[in-house]
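**Student:** What follows is each chain in one-letter form.
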Amino acid sequence: MLRAVGLVKSYRAPAGTPIRVLAGVDLTVKGGEIAVVTGPSGSGKSTLLNVLGLLEDGDGGEVWFEDTRVSGLGRAAKSQARGRYVGFLFQSFLLLPSLTALENVLLAARYVRRPGGATRRRAIELLQEVGVGDRMDHFPPQLSGGEQQRVAFCRAVLNDPPLLLADEPTGNLDDANGAAILDALRGRARAGAAVVVVSHRPEAAVGASALYRLRGGVLESP
Amino acid sequence: MRSLRILRGYLFTVLGIAIGVAGLVALGAMSERIVRFIEGGDRFVLGQISVAGRGMGMGTGFTAGGILPAATIRAISDVPGVQGVQAQIMLPLDPSTSQFMTVTQELVLGTDLSVPTPNRHYRTLPVRRGRFLQQGDRKVAVVGASFAASRGLSVGSHITLEDEDYEVVGVLDRMLTAPDRFVIVSIDDARAQWVAKDRLLRTVLASGAMALTASDLNTGAAVGWRDGYDPDSVALRIKERVPGVNVQLPSELSRLMRSSTAFFSALLVGIGALAFVIGGLSLANTMAAAVFERIRDFGVKRALGATDWQLGREVVAESLAVTMLGGLGGIALARSLGWFIDRYLAQAQQLFYFSPRLLGGAFAFSVLLGAAAAIYATTRIVSLSPAEAIRRGA
Chain A
0 MLRAVGLVKS
10 YRAPAGTPIR
20 VLAGVDLTVK
30 GGEIAVVTGP
40 SGSGKSTLLN
50 VLGLLEDGDG
60 GEVWFEDTRV
70 SGLGRAAKSQ
80 ARGRYVGFLF
90 QSFLLLPSLT
100 ALENVLLAAR
110 YVRRPGGATR
120 RRAIELLQEV
130 GVGDRMDHFP
140 PQLSGGEQQR
150 VAFCRAVLND
160 PPLLLADEPT
170 GNLDDANGAA
180 ILDALRGRAR
190 AGAAVVVVSH
200 RPEAAVGASA
210 LYRLRGGVLE
220 SP
Chain B
0 MRSLRILRGY
10 LFTVLGIAIG
20 VAGLVALGAM
30 SERIVRFIEG
40 GDRFVLGQIS
50 VAGRGMGMGT
60 GFTAGGILPA
70 ATIRAISDVP
80 GVQGVQAQIM
90 LPLDPSTSQF
100 MTVTQELVLG
110 TDLSVPTPNR
120 HYRTLPVRRG
130 RFLQQGDRKV
140 AVVGASFAAS
150 RGLSVGSHIT
160 LEDEDYEVVG
170 VLDRMLTAPD
180 RFVIVSIDDA
190 RAQWVAKDRL
200 LRTVLASGAM
210 ALTASDLNTG
220 AAVGWRDGYD
230 PDSVALRIKE
240 RVPGVNVQLP
250 SELSRLMRSS
260 TAFFSALLVG
270 IGALAFVIGG
280 LSLANTMAAA
290 VFERIRDFGV
300 KRALGATDWQ
310 LGREVVAESL
320 AVTMLGGLGG
330 IALARSLGWF
340 IDRYLAQAQQ
350 LFYFSPRLLG
360 GAFAFSVLLG
370 AAAAIYATTR
380 IVSLSPAEAI
390 RRGA
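Going down the list, the sequences are from chains A and B.
When the count follows numbering that gives the first Met the number 0, it moves up by one through the first sequence with no breaks and lands on 221 for the last residue.
When the count follows numbering that gives the first Met the number 0, it moves up by one through the second sequence with no breaks and lands on 393 for the last residue.
Same shape as in the complex, but just chain A (with noise of 0.2 Å):
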C-alpha cells in the first residue's frame, strides 16, 4: 500500500545551516500491516510521517500510494490523495474546537464528497463502537484527553483509508487509554490497512509488523 523510497528532507537552522532530517529513508508496509518507527525527540519521525502523508513536501525521494506515486502530484491532487487515502491520528488530537464530537468526526467526509446520511450512520457507530457516543454533541474542551483522541480516531477512519499514520498517539494519554487507541489501530490493521505509528514508547511496538529506529536521518531495524 505504502512505500517511499529514498526520502530527504533538510530544515534550515535560524543560522541558515542546513539540518538534514531524513537522509534517504525506504519504508514499505501492506496493507495488514503495522510498522512502528521509534526514536528520540527531534530524531525527525514527524517529519517522516508528515513526508509519508503528504503534509509536506521531502527534498528528495517518491511516496507511493498503491501504484500512484502520489509525491509528484500537483497541490491539489496531493489534497484529494490526502482525502482519499490517508486517516491520521495526532498527538495533540487537532480537533476542531467549534465542531462538535460527531461534527468533527464528519468533517473528514466534507472534503470527500461522501453521502451524507451513510456517511452519518457510520460516524455514529464509530463514535459508540469506541465508546463516546453519549459525548457526540459535547464539544472537543468538555472532553477528556482519552475521549478527544477517540474522536480523533473515528475521524481518521470514517472514509475507510487504506493508510492510517498515526504520530504519537498515544503521547498525551495515560495507560489506559493509550492501550485502548493502540488496540483500535491493530483492529483497523487485521481490517486490511496500513498503519504507521512512531512513537518513543514501547508498549507501541506490540503487534508491530515491524519496528524501526530512525537514527541519523535513515530507518535502521533495531
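Everything labelled a hint here was simulated from the structure, so no lab data went into it.
Ideal Cβ positions, reconstructed from N, Cα and C, are used throughout, including at glycine.
There could be a bad hint or two in this list.
[To be verified] Not close to chain A: a few residues of chain B, all C-beta gaps over 10 Å, as computed:
{"id": "1", "residue": "P79"}
{"id": "2", "residue": "E251"}
{"id": "3", "residue": "A302"}
{"id": "4", "residue": "P385"}
[Stated by the list, open to error] Covered by chain B, per the in silico footprint, the following chain A stretches (three or more residues, Cβ under 8 Å):
{"id": "5", "stretch": "11-22"}
{"id": "6", "stretch": "164-171"}
Keeping the supplied structure of chain A fixed, place chain B upon it in accordance with the hints.
**Tutor:** Chain B only, in chain A's frame:
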C-alpha cells in the same frame, strides 16, 4: 445551527468590524448632512433672483437688506424678462443673535400669498402634517421640522411671536436645509412683527418722516424669470433699471454660499477620508487576523483532504457572513448614535443624514474589503504546507 456557532466564534471580529463601520458611517452621515444643506441652499438660490432693499436693516436671509417699498416691487415687475415678484419679509426670530446666515439660525418668513411662489425649484414647500398657508390667513403659522421638534410643536399647537398668539396649522417635512428652522406666516403678520421688533422703524413711522404704507414694509422679494431668459442677465437688468435695490445674481449667490461653507465641506471630506482609511485598515486587519487565528484549523482541514479551492470557498463564505453582520451592525450602531445625538444632544437639529448612497456604499465597502482581507489571509495560509500550518497554529 452550526453556522450560528461558527459566527459566534467570530463575535469579536464582528464587533471590531461593526465599530469601524460605525465610525465610518457616522462621519459620513455628518458630511452628507452638510452636503444636503449646501445643495438645498444652492438649489434655492439658483431657483430665483433675490432682491432686497438697499441697506442693512432688520431684514435678514440671503440678501440682508433694508426696506423694499411697493413702488420698487412694481418697478421690478416691469423689467423685461421678469415673471412674478413675490414680496417677502425675513426676520430673525431672536434679533439678539447674529444676522448672518448660519446653520442654526431661526427665521420668521412672511410671504405675499397673493402671488405664486416664483422659485423654480421650490414652487411649494413639502408639508408633513397639516396644511400650508392660504391667502387671507392671519395669526397662523407653518413651522419647519427642526423648529417644531425643538419646541415639541405639532398641528394645533400655539406659539407666541412678539406677544401675539399663533396657531400652528402645518409642519414641514424635514428638508435638511434652511426652512427646517423657519416659522412661516402671512406677510401682514410678518410686517406687524417687524414693526414690533424694530424700534428704529417704529420711530420713523411715528415721526412721519417717510411716507410709508404697510405694503412698503418688505425686506426683499423673490423674482422669477420668463422661460428662455438667462437669470443672471435678468438680475443685471434689474440692477441697471431699478434704483435702490440689492440684487444678487443667482450664480454669484450660489458661488458665495459654496465658498462660505467650503471650509466645513473640506474639513468633513478630510475627516471622512481619514475615517475611510483608518476604518478600512482596522476592518481589513481585524478580518485578516481572524483568519490567521484559524491557521491550525485550516491545516487540519487540508490534512483531511480539503483543496485550496474548497478551503478558499469556505473562508470567503464565512468572511462574507462576518463582514455583512459587522457592516449591518456598524450601520445600526451609527444610526442609533446619530438618533441619540440628534434627539438629546443637538436640540432637535439634525446633525446626521444617513443617505441611501452612504449606507449602501459603507456596507459594500465593508463587505468587499473584509472579503479581500480574508482572501489575502487565506492565500497566505494555503501557500503553507498543511504540516507548517498546523505547526504555526499550535
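**Student:** It remains to establish, for every hint, whether it holds in the given structure.
**Tutor:** Status of each hint after checking the structure:
no.	hint	result
1	P79	holds, 80 Å
2	E251	holds, 65 Å
3	A302	violated, 5 Å
4	P385	violated, 4 Å
5	11-22	violated (count 0)
6	164-171	violated (count 0)
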